[in-house]
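Top to bottom, those sequences are chains A and B. One point on numbering: in the working numbering, the residue at position 26 of the first sequence is 26, and numbering is uninterrupted. Offset between the second sequence (1-based) and the working numbering: plus 75.
Honestly, the hints are just simulated from the structure, not real lab data. Just so you know, these numbers come straight off a predicted model, no measurement behind them. Even for Gly, the Cβ is constructed at its ideal location relative to N, Cα and C. Careful, some of the hints might be misleading.
Part of the chain B face toward chain A, derived, beta carbon under 10 Å [said to hold, decoys possible]: (1) Pro-135; (2) Gln-139; (3) Val-142; (4) Met-152; (5) Asn-156; (6) Ile-208; (7) Ser-257; (8) Phe-263; (9) Val-264; (10) Thr-267; (11) Ala-268; (12) Ile-271; (13) Lys-274; (14) Val-315; (15) Phe-320.
Pairwise CB distance ranges, derived in the manner of DEER restraints [what the hints assert, rightly or not]: (16) A:Ala-6 / B:Phe-124: 27 to 37 Å; (17) B:Val-253 / A:Gly-24: 13 to 23 Å; (18) B:Leu-133 / A:Ala-42: 28 to 38 Å.
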Amino acid sequence: MDAEAAKLLGAGLAAIGAGVAAVGVGNVFGSFLESALRNPSAADGQQGRLFIGFAAAELLGLLAFVVAMILIFVA
Amino acid sequence: MATEEGKIDPMYQFEVQTILEGFSLGGQQIAFTNSAVWMLVAVAGLWIFMLGGMKRELVPGRWQMIVETFTGFIDNMMEANIGPAGRKYAPYVFSLFMFILFSNIFGLLPVGVLGLHPFTVTSHLTVTGVLAIMSFSIVLIVGFAKHKLHFFSLFIPHGTPLPMIPFIFIVELLSFLVRPFSLALRLFVAMTAGHILLKVLAGFVINSTNAGAGYGVLVGIPSFALMIGISALELLVAVVQAYVFALLTSLYINDAENLH
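Here chain A stands alone, though its shape is the one from the complex (with noise of 0.2 Å):
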């Protein structure tokens, strides 16, 4: 194969990081939102730890998109 499509089919392959990403994103939300209302006088005070989660969750997707930016324009 050819060096420079074997770089784009990688990066492409890389965008499925972001896609997963976008799932533990959406679950550390969706699992906030289904507690909180169940106990919506203690959710407030967990805001912190909620956007603890959504950083943690959202790095990891953002390395996958560092990987097809350095196979697009680094590598």
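Knowing the structure of chain A, use the given hints to seat chain B on it.
Frame of chain A; chain B shown alone:
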């Protein structure tokens, strides 16, 4: 990726351009760039914003209410995450939060209509890296000044079984050392990704409209509608990323201040 004829390069917006040739320092050119301009714009905007809210009126007006909402928000965050000792870090975290917020939002301003090209300062790893290193060094300095070598107990959680201590130590040390990278990378990539997406969609609008009215209606208009939605999402991301940066900084300072 070279710019080909008739192709819109979505990476062009991140190019740092020299505005004023500066001086050279150790073989490196120190110049006044568009990045520096937009940092100054963010600082100036922040200054005006704060100046309008620091009149200390007994009955706060609208402007003072906005400023006090922000300061109160950061103050609460420090209080909740670090405890009473956290209030002395509030000025640093507040400056960090507001600077990131302002540069994120100023980078999204549609001043391109007027011929000015907004430059998102936080879309460069060097800038976010320096911010992350500042936060990380505060953690190290506070940790070692306050707990001396006892700070290393941060890497061994309470109740770790004796044979597990070397492994846990290495894992915790690694996760500690990765922090500045993840902090810098998150902000940089989140801003870069959003701006590339917007420019790619803008390229769709321009190219499809140039290809003919039919393509313009079929591709250009849906792309433009999507751009409006993505712009709203980008505003949300700009705020959330500034918040996450400040939140994680406060959590890391909490580790240094209170161990665990």
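Going through the hints against the structure:
The restraint placing B:Pro-135 at the interface with chain A is violated, with a minimum CB-CB distance near 23 Å, outside the 10 Å limit. The restraint placing B:Gln-139 at the interface with chain A is violated, with a minimum CB-CB distance near 25 Å, outside the 10 Å limit. For B:Val-142, the suggested interface contact is broken, since its CB lies about 22 Å from the closest CB of chain A, more than 10 Å. About 7 Å separates the beta-carbon of B:Met-152 from the nearest beta-carbon of chain A, less than 10 Å, and the hint is met.
With a cut of 10 Å, the hint placing B:Asn-156 at the interface with chain A holds, because the nearest CB-to-CB distance is about 7 Å. For B:Ile-208, the suggested interface contact is broken, since its CB lies about 18 Å from the closest CB of chain A, more than 10 Å. Proximity of B:Ser-257 to chain A holds as hinted, the smallest CB-CB distance being about 6 Å (cut-off 10 Å). Given the 10 Å rule on beta carbons, the hint for B:Phe-263 holds: about 9 Å separates it from the nearest Cβ of chain A.
With its C-beta approaching chain A no nearer than about 4 Å, B:Val-264 sits inside the 10 Å limit, and its interface hint holds. At about 8 Å, the closest approach between the beta carbon of B:Thr-267 and any beta carbon in chain A falls short of 10 Å, and the interface hint on this residue holds. Against a cut-off of 10 Å between C-beta atoms, the interface hint on B:Ala-268 holds, since the closest Cβ of chain A lies about 5 Å away. Because the smallest distance between the Cβ of B:Ile-271 and any Cβ of chain A comes to about 9 Å, under 10 Å, the interface hint for this residue holds.
For the restraint placing B:Lys-274 at the interface with chain A, the shortest Cβ-Cβ distance is roughly 14 Å, beyond the 10 Å limit, so the hint is violated. Evaluation of the B:Val-315 hint against chain A yields a held restraint, the C-beta minimum of about 7 Å falling below 10 Å. Interface restraint check: B:Phe-320 against chain A, minimum CB-CB distance 9 Å, threshold 10 Å, status holds. Checking the proposed 27 to 37 Å range against A:Ala-6 and B:Phe-124 shows it is violated: the Cβ atoms sit about 49 Å from each other.
The hinted range of 13 to 23 Å is satisfied by B:Val-253 and A:Gly-24, whose Cβ atoms lie roughly 18 Å apart. As the Cβ distance of B:Leu-133 to A:Ala-42 is approximately 35 Å, the hint placing it in 28 to 38 Å holds.
In the structure shown, a violation is registered for the earlier hints numbered 1, 2, 3, 6, 13, 16, in ascending order.
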